[in-house]
Every structure is written in structure tokens, then in C-alpha cells.
Amino acid sequence: RKEVEQDPGPFNVPEGATVAFNCTYSNSASQSFFWYRQDCRKEPKLLMSVYSSGNEDGRFTAQLNRASQYISLLIRDSKLSDSATYLCVVDGGSNYKLTFGKGTLLTVNP
Amino acid sequence: DAGVIQSPRHEVTEMGQEVTLRCKPISGHDYLFWYRQTMMRGLELLIYFNNNVPIDDSGMPEDRFSAKMPNASFSTLKIQPSEPRDSAVYFCASSLRGRGEKLFFGSGTQLSVL
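Chain order of the listed sequences is X and L. With this note's numbering applied, the first sequence covers 3 to 112. With this note's numbering applied, the second sequence covers 3 to 116.
Keep in mind the hints are simulated off the structure, nothing from the lab. Misleading hints may appear alongside valid ones.
Unchecked claim - For lysine-lysine, the following BS3-like pairs were computed, each having C-alpha atoms within a straight-line distance of at most 30 Å:
| hint | chain 1 | residue 1 | chain 2 | residue 2 |
| --- | --- | --- | --- | --- |
| 1 | L | Lys70 | X | Lys99 |
| 2 | X | Lys4 | L | Lys80 |
| 3 | L | Lys70 | X | Lys47 |
| 4 | X | Lys44 | L | Lys70 |
| 5 | X | Lys81 | L | Lys70 |
| 6 | X | Lys99 | L | Lys104 |
| 7 | L | Lys26 | X | Lys47 |
| 8 | L | Lys80 | X | Lys47 |
| 9 | X | Lys81 | L | Lys80 |
| 10 | L | Lys104 | X | Lys4 |
| 11 | L | Lys26 | X | Lys81 |
Unchecked claim - Example chain X residues on the side facing chain L (calculated, C-beta under 10 Å, incomplete):
| hint | residue |
| --- | --- |
| 12 | Gln33 |
| 13 | Arg43 |
| 14 | Phe62 |
Note that beta-carbon positions come from the ideal geometry of N, C-alpha and C, so glycine has one too.
Based on the provided sequences and hints, a complete structural model is requested.
Printed below as a string of C-alpha cells:
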């Protein structure tokens, strides 16, 4: 099993749609989880951290399922500006080695 | 703050040449990371430093790659000799402390080895 695995997509959705991304990780000792966003030809930027109880930031909701080693990101009411690659990020458990998934490409269409 | 600063933005070189990539982290950040991104492999961690000390270099692909952090405000990633398969975008990132902290990335260096 890969350390961090994501559906590469691409996801093509209309404006206003709800879209969900999933990510699985292999290290059961991992403690920190994140979603990063990367625009084309740009650097990755933190979208949100993922907490055990789940957390929400505006239109974005992140959830963590430790038993299944699974992270999700839900985007509601998609905007054109949400078009980007979404990267799932997990730490190494006993160390601070952050491993990135290969990303899921989202395109929101007018 | 100016953020993480990388140079050069683009580097084109010929196989066999030495390449040096540079990074200035955000002032006060204790951790510095070097990542490499390709379409095939995504973002791969090459090495990271804590307080200028290399902590994990297990991602460095081979002996041709080396990284240094002589002080808190400067790091280099060197490839000698370079090969076409080293072509990628190299990102430097820094964070304030350890676990759970946000990574701030530089704009990256697009390296092309011909």
C-alpha cells in the first residue's frame, strides 16, 4: 500500500456542485493530516488541517477516520476559483516527515 | 515577511554539469524542507533540517545529491553531476516548529537537464 494514496481524477464539475475527495494513508501512527491546494505552475499552499473530530472552514469540510486510515475533503457550492489540484498530506508518525499524495485535479466549469 | 525565497526560478543546464539551488526560509522558522515534484512521482521529500541540522535525508535519490544549511537563513541543494532524469520542480519549504505546523513553500526552481 502506498504511503498516501489519492484518486488522481480529474474531476470536472459545474459551478455550484458538491465534490468530495478521498485519501488513504498506510501509517497507523500518523498524527497530523492536512489538505493543501496547488494551482497550476504554483507552489502548494495549506487549505486546511484535518482534526480527529472533523472540521469545517466555510464551504470546505475535512474528516478523518483513523480506524480506516482515511481522510476526506468536501467542497460545497463549487466556485470557478476552486479549480486546482488538491493534495492530501500525512506525517510520518514518529517523525515530522510529511508525505504528500499525488493530488486530485479539480476543474470547475461555468 | 517576504516568504520563502528560492533561486533561480528556472535553470537549464546540460547533463554532467553541477547545479546549485538556493533557499532562504522565513526568518524564525526552525524547519526547512526540500521537495522535488514530477508528474510521475508527485511531491517527494528529499531532506529536511531542524535548527540547521539534517534530520532525515532518506529521500535523497543518490550520492549525486547533497544539501547543506550553513545557517538559519540559507540552504542549498546541489546536484553533481546532473542527469536528464533530475529534471523537475524543486521546492523549498519552511515551518515555524514541528508537528502540525503549516508548511510555507517557495515558488520553486524549474530545473531542466538536457
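Here is how each hint holds up against the structure:
no.	hint	result
1	L:Lys70 to X:Lys99	holds, 18 Å
2	X:Lys4 to L:Lys80	holds, 28 Å
3	L:Lys70 to X:Lys47	holds, 25 Å
4	X:Lys44 to L:Lys70	holds, 25 Å
5	X:Lys81 to L:Lys70	violated, 42 Å
6	X:Lys99 to L:Lys104	holds, 13 Å
7	L:Lys26 to X:Lys47	holds, 18 Å
8	L:Lys80 to X:Lys47	holds, 25 Å
9	X:Lys81 to L:Lys80	violated, 41 Å
10	L:Lys104 to X:Lys4	holds, 23 Å
11	L:Lys26 to X:Lys81	violated, 34 Å
12	Gln33	holds, 6 Å
13	Arg43	holds, 9 Å
14	Phe62	violated, 16 Å
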